[in-house]
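S.K.: Sequence:
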Amino acid sequence: MINKVVSGADEAIHDLKDGQTLMLGGFGLCGIPENCINALVKKGIRDLTCISNNAGVDDFGIGLLLKQRQVKKMISSYVGENAEFERQLLRAELEVELIPQGTLATRCLAAGYGMPAIFTPAGVGTEVAEGKETRTFNGKEYLMEYAFEADFALVKAWKGDTAGNLIYKSTARNFNPVMATAGKVTIAEVEILVEAGELDPDQIHTPGVYVHRIFQGENYEKRIEQRTVRSKNP
0 MINKVVSGAD EAIHDLKDGQ TLMLGGFGLC GIPENCINAL VKKGIRDLTC
50 ISNNAGVDDF GIGLLLKQRQ VKKMISSYVG ENAEFERQLL RAELEVELIP
100 QGTLATRCLA AGYGMPAIFT PAGVGTEVAE GKETRTFNGK EYLMEYAFEA
150 DFALVKAWKG DTAGNLIYKS TARNFNPVMA TAGKVTIAEV EILVEAGELD
200 PDQIHTPGVY VHRIFQGENY EKRIEQRTVR SKNP
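In terms of numbering that gives the first Met the number 0, the sequence shown is residues 0 to 233.
Treat the hints with care, as some may be off.
Unchecked claim - Below, in silico cross-link-like pairs of lysine to aspartate or glutamate (EDC-like), each with a Cα-Cα straight-line distance of 16 Å or less:
id, residue 1, residue 2
1, 72, 94
2, 66, 92
3, 168, 199
4, 16, 199
5, 131, 96
6, 183, 148
7, 183, 150
8, 66, 80
9, 158, 199
10, 71, 83
11, 158, 201
12, 71, 96
13, 71, 17
14, 71, 85
15, 72, 17
To be verified - What follows is a list of derived Cβ distance ranges for each label pair:
id, residue 1, residue 2, range
16, 68, 140, 32 to 42 Å
17, 138, 197, 48 to 58 Å
18, 226, 129, 30 to 40 Å
19, 9, 68, 13 to 23 Å
20, 139, 196, 25 to 35 Å
21, 139, 194, 49 to 59 Å
22, 19, 58, 18 to 28 Å
23, 226, 140, 37 to 47 Å
These aren't lab readings, by the way, just hints derived from the structure by calculation. Positions of the beta carbon are idealized from the N, C-alpha and C atoms, including for glycine.
Based on the sequences and whatever the hints tell you, model everything.
M.R.: The following block contains the structure:
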């Protein structure tokens, strides 16, 4: 597939519709597709199912979508920093599927590999396993989990080129690489966009074959979820 450079987030998400399933890269507030999320808020798409490690905070990241009641269901691993998420969950206004973090990542990975399902020991014997198939391998019980099916994957990288190749920076690598391989359509926003051939091939984390649209983002905030500093007088 030929990769397409678009002018910005609005153009990148132009065909996203109500009721679709989205993967959103990031961990906490690190490496999240800020521009795409803001464009989704602006577009007002509703009834979304969002697959993400977490739900952002009240006034940033996916928290902005929750605030506008645009999310129908969250599939996440950790959601402890979002009061609006908690309020909607306790009032049964939001469907929530909590998944062990390793299982979440591996279900994304399986989708990218074209594997229909995985087997994991995580969750066996707990509420996570209710209604799911289990199998025994070498005397140990495993839970079968299906690979995700996402209409779009929205990821954020530090640098990319016009062919869609991506490089992530430090911990912002997190969920972005596995999600970039797993969406039916992958949209990448980058801090720096260069011409094809300018990136060192040995440094590329996501090959451009996985990326359908790419654009250079702007006004990145890069917030810190919980700022921890050392005392001046230890």
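S.K.: Against the earlier hints, flag every one the structure doesn't satisfy and list their numbers going up.
M.R.: 4, 20
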